Amino acid sequence: MTRISPYKYLPLEIWRNLLVLAVIFHAARARLARLSDMGTRTPSVRSVLDRLALAAREASRDGAGDEDEDEDAIVSKAVKAWDVDLASVLGGKTLEPEARQLLTEVRHLVSYCVAHDPFQMLFEAIEAKTQEVYGEAWRPAMLSVAHINSHPRPGAQAETDPYAVTALTPWPPNAGKTEIELLVYCDKFGPAAFAAVPMLLTHECVCHVPARQDKAKNDSLFAEGFMDWAAYHFFHEWAGVMDPDLAPAARTHAKGLIHVLTQHELGKEAAARLRGHEAAEALFSWFERECGLPYDEVGPRVARLAVELNQVDSSIEMKDYFVSMLDLPFPPELGELLRDWVAGEIDARQLFAAASSSFSLNRQPS
Amino acid sequence: MRREAILAAAVALQEFRLHQLAAYCGATPEEVEAALATVRDLIEPTGPDRWRVAEPGAVRAALRGAEPPKSRRRTHDPAIDPVSRARLTARLVLAEETLIECGTERSPALRQVMAATARNNVLQLLAQLTPELGPWWCAEKSGSSWQTESFRARIHAAGETAAADIALPRLRADFELASITGREAAGEPVGADDLVRTAARLRDVLNIIVDGRLDQLFQRFIELTMGLAGPVWMDAPSKPARTRLLVALAWRRLRIVAAHDVRQASETVLLILQQLQKERNELGGRTTIDLYHFIEHLPDGWNRLVVYRDLLELLPRQLVCHRQKELLPGVLVEAIADSRASDHLARIATRLEDDLDRSPFKSESALIGEAAHVFNDVAIHTAADMDASVLQRSDQMRMQLLSLVNAHSGK
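Chains as they are written, first to last, in my numbering: chain A, 771 to 1136; chain B, 5 to 415.
Source of the hints: derived by calculation from the structure; they are not laboratory data. Take these hints with a grain of salt, some might be off.
Stated by the list, open to error - Pairs of lysine to any residue residues, derived as SDA-like cross-links and limited to a Cα-Cα distance of at most 25 Å, are as follows:
# : chain 1 : residue 1 : chain 2 : residue 2
1 : A       : 987       : B       : 227
2 : A       : 987       : B       : 111
3 : A       : 987       : B       : 90
4 : B       : 282       : B       : 321
5 : A       : 985       : B       : 101
6 : A       : 987       : B       : 113
What the hints assert, rightly or not - Calculated Cβ distances over 12 Å to all of chain B for the following chain A residues:
# : residue
7 : 832
8 : 843
9 : 882
Said to hold, decoys possible - To spell it out: a stretch of chain B is covered by chain A in this simulated footprint if at least three of its residues, at any positions, have a beta carbon under 8 Å from a beta carbon of chain A; those stretches are:
#  : region
10 : 12–21
11 : 25–32
12 : 119–130
13 : 332–341
Since the model is a prediction, treat every value here as computed from it, not as a measurement. Idealized CB from N, CA, C, for every residue including glycine.
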């Protein structure tokens, strides 16, 4: 393992702290959903997680001045310290049976942990899948992990918003490699935050890395809403294939994350996400009802349209306008165009161009 | 992975690579190959590792015969309750935030698109409140791109059924602002009536709802109106310099009020627009506002007059003038003055008008700077002849005018 931080924005000590937590959560991923759930409502499990945070901090701090100490040693030290804590808790007679069973299983899983970089591993799997979706339109991407000094949503409560992690893709993307930044608030990085990482990375890969538009817009109906629906579609398809052990927790917390992101004070970003998802759902229903497409075909079809529209060179405002029209019942002209697209008579570019020009935008008052 | 899901995804993609299809439906390439093998006659190769569903209808028909999915469930959108209040609120937020963002978008074409997006959101929200009046896009089916008749009918209908917490005046104001924004961006004319009506709507909303986003929306309305009421409304090239000076001062002072007190500014903007509209109507469409205008003689040697408000600061104390009411807020007042004060004000106004007309610099800022210069000159002479305190008052006024020079008008 490397003895300097592999991420340029992440100091070695913080990286080691984060690595310990991520490696342990990854090792315990088959029980992560349970660990996260009980960690919020069972004091004994919460206490165990607090001790893990302490063990990770101490192990990374002990090794801070010693660049010769490698990551294996740091992780191993933290795991041993936490194992002592776990043994102590499990030795108590008052521990709830449910907690005892969970912690016993977690202890067993963590005893086999390996000090690899779980973030990179998750990213590579997701990038490979997204590349398959986009084909030649894919832009090579790289992951960068950085530390943030506070929760991404200030004032967030751990019970309702444990997702102390966010991600972004700086715009415009680098011509050589598009960088995805995973931003982690290390002090509050718990099992739920780790389980949300795959969805965050999927969002960045599906929505932003291959996007062809003039600028980034955090409150875009298209980029953050409609495309996000597609990202969720793909994520639910991929989770079980990429890592069946992590899938239950990853799906649970993808769901938790979208709930937080669409309800958070309903500012414009949340409203755009909500409305964009709603537009995709409207399209889903329209394909089913108006085109009579079978259910299994509709999800991939909506996702395909999103992916193809994402590759259209256009202003993000025009893409937002397109999404704003997706409200049932659709305008008849839009319905006709969508039918033509389903029949394969026009492609997504032609659909978009016609939809963007045939409605009231260019209509002059009589 | 069920065969049916793989084949359905294949039909959705129509043409695909093996790994691409696998990624779309969460299958392994081996599962995809096995599924495709079951419909070999219905798909065809189109290149290396590329396939096409030649008979989508036949594949669908084959799938219809398969057993319906049992364990598969819809997992796409767990968080969104389609009938929730958040759905309505999201549209309102999007409409208003988009209109506010138009203030920083320099491209008219993009502003037009953004206005149309905002309008769609308002129409959709309203359509959810009045489903009996048809789909949301019915409101724009009668010709004009910014048709408002059917919108009004919907608002009226919604007023009878909407829950109390749906602020219909707010929707109305949002729609009006979207309409003005779109027309300005498209280079279409925006009538004085439209601006006055929108100002009234915004004032009404600001009086009943306290919301920072509405404040921003109102600021945006002011910027938009300043842009529109200048070149379009005031016949800029042919308009006398004095009129342009007064209107520029009115808008710039309004903007300062708006930064501190949006509610007061919402009353003021309406008065400004109404007064400008009145002046324009009285003069057959050509707006001319004088710095000094005698109205009538009153008993005991008093005169009723209309005067540029700042000139009153140049009156010596021994001359008497009482302000009666503001006509153009912050700029023009009706007053009652004795005959000496009337004469004095008329002389200064003539001097200022002459200087403004002679000045080669015709921008709004140059006109304000010219006025500040004349104030200084007049004050020096008045102080020497009649009242030294004029100097101090003039200095304050001059500083205030110069501070307005840098307050650029926006679009």
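Each hint tested on the structure:
1. 987/A - 227/B: Given that 25 Å is the threshold and the Cα spacing comes to 23 Å, the pair holds.
2. 987/A - 111/B: holds (16 Å)
3. 987/A - 90/B: Holds, because 22 Å separates the two Cα atoms, which is no more than 25 Å.
4. 282/B - 321/B: violated (33 Å)
5. 985/A - 101/B: Roughly 18 Å between the alpha carbons, so the hint for residue 985/A and residue 101/B holds.
6. 987/A - 113/B: OK: residue 987/A and residue 113/B at ~18 Å, within 25 Å.
7. 832: holds (42 Å)
8. 843: Per Cβ check, residue 843/A is outside 12 Å of chain B; nearest 37 Å; holds.
9. 882: At about 26 Å from chain B, residue 882/A clears the 12 Å cut-off, so the statement holds.
10. 12–21: holds (count 7)
11. 25–32: holds (count 7)
12. 119–130: Holds: 5 residues of the region 119–130 of chain B have a Cβ under 8 Å from chain A.
13. 332–341: violated (count 0)
The structure fails hints 4, 13 (numbered hints given earlier, in ascending order).
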